[in-house]
Amino acid sequence: DTEVTQTPKHLVMGMTNKKSLKCEQHMGHRAMYWYKQKAKKPPELMFVYSYEKLSINESVPSRFSPECPNSSLLNLHLHALQPEDSALYLCASSHPDRDQPQHFGDGTRLSIL
Amino acid sequence: AQSVTQLDSQVPVFEEAPVELRCNYSSSVSVYLFWYVQYPNQGLQLLLKYLSGSTLVKGINGFEAEFNKSQTSFHLRKPSVHISDTAEYFCAVIFVGGYQKVTFGIGTKLQVIP
Numbered sequence: 001d002t003e004v005t006q007t008p009k010h011l012v013m014g015m016t017n018k019k020s021l022k023c024e025q026h027m028g029h030r031a032m033y034w035y036k037q038k039a040k041k042p043p044e045l046m047f048v049y050s051y052e053k054l055s056i057n058e059s060v061p062s063r064f065s066p067e068c069p070n071s072s073l074l075n076l077h078l079h080a081l082q083p084e085d086s087a088l089y090l091c092a093s094s095h096p097d098r099d100q101p102q103h104f105g106d107g108t109r110l111s112i113l
Numbered sequence: 114a115q116s117v118t119q120l121d122s123q124v125p126v127f128e129e130a131p132v133e134l135r136c137n138y139s140s141s142v143s144v145y146l147f148w149y150v151q152y153p154n155q156g157l158q159l160l161l162k163y164l165s166g167s168t169l170v171k172g173i174n175g176f177e178a179e180f181n182k183s184q185t186s187f188h189l190r191k192p193s194v195h196i197s198d199t200a201e202y203f204c205a206v207i208f209v210g211g212y213q214k215v216t217f218g219i220g221t222k223l224q225v226i227p
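Protein sequence lines correspond, in order, to chains W and D. Numbering-wise, the first sequence is residues 1 to 113 according to the numbering used here. Numbering-wise, the second sequence is residues 114 to 227 according to the numbering used here.
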């Protein structure tokens, strides 16, 4: 069992739908991350929140909208996605200190029809 | 330029044989080094980390890695692999001063053959 919980595990949506991915951790970590992972590729960083504030946005299209409502929760709101957005979306958390490893959830497998 | 290289995209090895997965990095600053494992349909699990101190680090599942600063390497080893070790392995680096950004290698698929 991972300490970072992501829901849902699988999501299929049309290009006009609006949906949200959720991530929760109770390890007291104050940095949280969204990654996108395509098949047979390493994770690509999308967003970083540090102390509930967005600190890094890796030039992600605006159809992806992150939200960090509190120190334990991280959301990724999805709207008008494209087929190429189909991927595994991973959430991670860590202490904000730069030398701490990140802990990952099991991801949400997203398919865009 | 700062980068991470995993030279082998796939490594087939027979069960109970030893294995080494290679990782090299390029950096002008200090680094923190990690190995993660990803089983099918799962997230990444931390195997081990090097932050400072002893260059030989031991991790979970019988894995270990050695930090070699002169060769800028952080190779992962296991003396005897099991079928259950079949997975994707990612070397990851934090370049000091890079503030929370982890750079991943492309991954090595370890295929354990019965």
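Among the clues, some could well be false.
25 Å max Cα-Cα, derived DSS-like pairs, lysine-lysine [stated by the list, open to error]:
1. Lys222(D) - Lys171(D)
2. Lys222(D) - Lys9(W)
3. Lys40(W) - Lys162(D)
4. Lys41(W) - Lys222(D)
5. Lys214(D) - Lys53(W)
6. Lys40(W) - Lys222(D)
7. Lys171(D) - Lys38(W)
8. Lys53(W) - Lys19(W)
Since the hints were derived computationally from the structure, they do not count as laboratory data.
Hints versus structure:
For the given pair, Lys222(D) sits about 21 Å from Lys171(D) by alpha-carbon distance, which is consistent with the 25 Å threshold. Only pairs whose Cα atoms come within 25 Å are accepted, and Lys222(D) paired with Lys9(W) is accepted, the gap being roughly 23 Å. Straight-line distance between C-alpha atoms of Lys40(W) and Lys162(D) comes to about 23 Å, which keeps the hinted pair within the 25 Å bound. Restraint check for Lys41(W) and Lys222(D): the C-alpha separation of about 11 Å stays at or below 25 Å, so the hint holds.
Straight-line distance between C-alpha atoms of Lys214(D) and Lys53(W) comes to about 16 Å, which keeps the hinted pair within the 25 Å bound. Restraint check for Lys40(W) and Lys222(D): the C-alpha separation of about 9 Å stays at or below 25 Å, so the hint holds. With a C-alpha separation of about 30 Å, the suggested pair Lys171(D) and Lys38(W) falls outside the 25 Å cut-off, and the hint is violated. Restraint check for Lys53(W) and Lys19(W): the C-alpha separation of about 22 Å stays at or below 25 Å, so the hint holds.
Going down the numbered hints, you'll see the structure goes against just number 7.
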